[in-house]
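Top to bottom, those sequences are chains A and B.
Under the numbering used here, the first residue of the first sequence is numbered 1, with each subsequent residue one higher.
Under the numbering used here, the first residue of the second sequence is numbered 1, with each subsequent residue one higher.
In short, the hints are calculated from the structure, not lab data.
Keep in mind that this is a model prediction, so the values were computed, not measured.
Glycine is no exception: its CB is placed at the ideal position from the N, C-alpha and C atoms.
Mixed in with the good hints, there may be bad ones.
[Unchecked claim] Derived Cβ-Cβ restraints for the label pairs, each shown as a range: (1) R153(A) <-> P25(B): 30 to 36 Å; (2) D70(A) <-> S9(B): 36 to 42 Å; (3) V86(B) <-> W225(A): 43 to 49 Å; (4) Y107(B) <-> D156(A): 36 to 42 Å; (5) V139(B) <-> W225(A): 54 to 60 Å; (6) T207(A) <-> R84(B): 24 to 30 Å; (7) Q228(A) <-> V71(B): 47 to 53 Å.
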Amino acid sequence: MPAANIQVSETPLVLYALRRADDALILGHRLSEWCGHAPMMEEDMALSNIALDLIGQARELYTYAAKTEDKDNDEDKLAYLRDVRQYRNLLLVEQPNGDFAQTLVRQFFYSAFADLYWRAMMTSRDATLAAIAAKSEKESAYHLRHASEWIIRLGDGTDESHQRAQAAIDHLWAFTGEMFAVDEGERALIHAGIAVDPGTLRSRWLTTLSDVVGEATLRLPQNDWMQQGGRSGRHSEHLGHLLSELQSMQRTFPGQTW
Amino acid sequence: MVTVLEHDSELRQRAWDAAASVVDPEIPVLTIADLGVLRDVVLDGDHVEVAITPTYSGCPAMNMIALEIEVALERAGFREPKVRTVLSPAWTTDWMSEEGRRKLHAYGIAPPQSSHSRRALFGEQAVTCPQCGSGNTEVLSEFGSTSCKALWRCKSCREPFDYFKCH
Numbered sequence: 001m002p003a004a005n006i007q008v009s010e011t012p013l014v015l016y017a018l019r020r021a022d023d024a025l026i027l028g029h030r031l032s033e034w035c036g037h038a039p040m041m042e043e044d045m046a047l048s049n050i051a052l053d054l055i056g057q058a059r060e061l062y063t064y065a066a067k068t069e070d071k072d073n074d075e076d077k078l079a080y081l082r083d084v085r086q087y088r089n090l091l092l093v094e095q096p097n098g099d100f101a102q103t104l105v106r107q108f109f110y111s112a113f114a115d116l117y118w119r120a121m122m123t124s125r126d127a128t129l130a131a132i133a134a135k136s137e138k139e140s141a142y143h144l145r146h147a148s149e150w151i152i153r154l155g156d157g158t159d160e161s162h163q164r165a166q167a168a169i170d171h172l173w174a175f176t177g178e179m180f181a182v183d184e185g186e187r188a189l190i191h192a193g194i195a196v197d198p199g200t201l202r203s204r205w206l207t208t209l210s211d212v213v214g215e216a217t218l219r220l221p222q223n224d225w226m227q228q229g230g231r232s233g234r235h236s237e238h239l240g241h242l243l244s245e246l247q248s249m250q251r252t253f254p255g256q257t258w
Numbered sequence: 001m002v003t004v005l006e007h008d009s010e011l012r013q014r015a016w017d018a019a020a021s022v023v024d025p026e027i028p029v030l031t032i033a034d035l036g037v038l039r040d041v042v043l044d045g046d047h048v049e050v051a052i053t054p055t056y057s058g059c060p061a062m063n064m065i066a067l068e069i070e071v072a073l074e075r076a077g078f079r080e081p082k083v084r085t086v087l088s089p090a091w092t093t094d095w096m097s098e099e100g101r102r103k104l105h106a107y108g109i110a111p112p113q114s115s116h117s118r119r120a121l122f123g124e125q126a127v128t129c130p131q132c133g134s135g136n137t138e139v140l141s142e143f144g145s146t147s148c149k150a151l152w153r154c155k156s157c158r159e160p161f162d163y164f165k166c167h
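Isolated chain A, as found in the complex (with noise of 0.2 Å):
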């Protein structure tokens, strides 16, 4: 019979640490449909290696998320065992990788961020979530110059790959602004000094994208309308069927392990 869906007991700090764990995993699992796959070698290397480095955030995220709720959970069943409303991710994460530059884009607006983000989370009160972040911004330091110089390279290269980098940015510009929206909940926790406040970081994350796609000889994007829902759960039809895939062994033989 497969596995059932588990309960979690939402607390603001449970949600806050699942919200950026539900993040790195869901784009680490985007990332790693591309090995194997890659246009080339080096890249197919990079993306996996990558896409590992999130998984193992989300892994140190999600193991405290189950210790601060204190229930039977642990790490593997807030990953495997939680369905499509129960995850709290940006949308633009779960967005299908589509072509190389729709994944690259993807990855250098969530980069961009999660470097500002997890640098100013170190100084969480919260000692666990400023190890964590401290561990994590090293990470992101990279996957930001990784994409920083694929963006430059895809814009300022032939007319096909600058089409395809500003069709990217285009489609995915209206997934940014989740970014920096905070609810009720994560506000008592950024008066607490525990988590980050996202809309302190929206200049800085600007000036990055616009430094990189000025280079690219790109443009951002004038519309400023934001689809959201991803962090209470409304997500767009793509998260379900990623979670299908990803939760397929232990939903069909719960408990299995290697």
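Since the structure of chain A is provided, determine the placement of chain B on it from the hints.
Below, chain B without anything else, positioned relative to chain A:
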């Protein structure tokens, strides 16, 4: 009392030496002590607990390293040894020993440079070829065969090589 203390410190040294003999499964010339992954060995009676710091969040070698520490300690006569992972302070290549750097170079991997240059978005790095010693090298990919390595090529001898990237 003095003898007890001496006995304890001797025992702790034995445990440390056993743990420190474990090598990185991906780079078998480096021990976890060379890498700076081995942080502490705590003795409580006959029980020993080893603290390690992961290199990269998702590095698959960490599980294997933890397992091999337990095996090494069991072999050295410690029963039910424990391995604890500590996240803070975060591991950095600045902790790699001089001995470790020397061994890496001899193995054909360029050792990590100081970590302060890591933040430069498009900063130029100068890495010396571990084969021929030339400084005329170029980066092929920031991500190599394992999390901790980047792929470089020497423009003088044309050999590709791994660079243990700073972190």
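Against the structure shown, which of the earlier numbered hints fail to hold, in ascending order? Violated hints: 5 and 6; rest satisfied.
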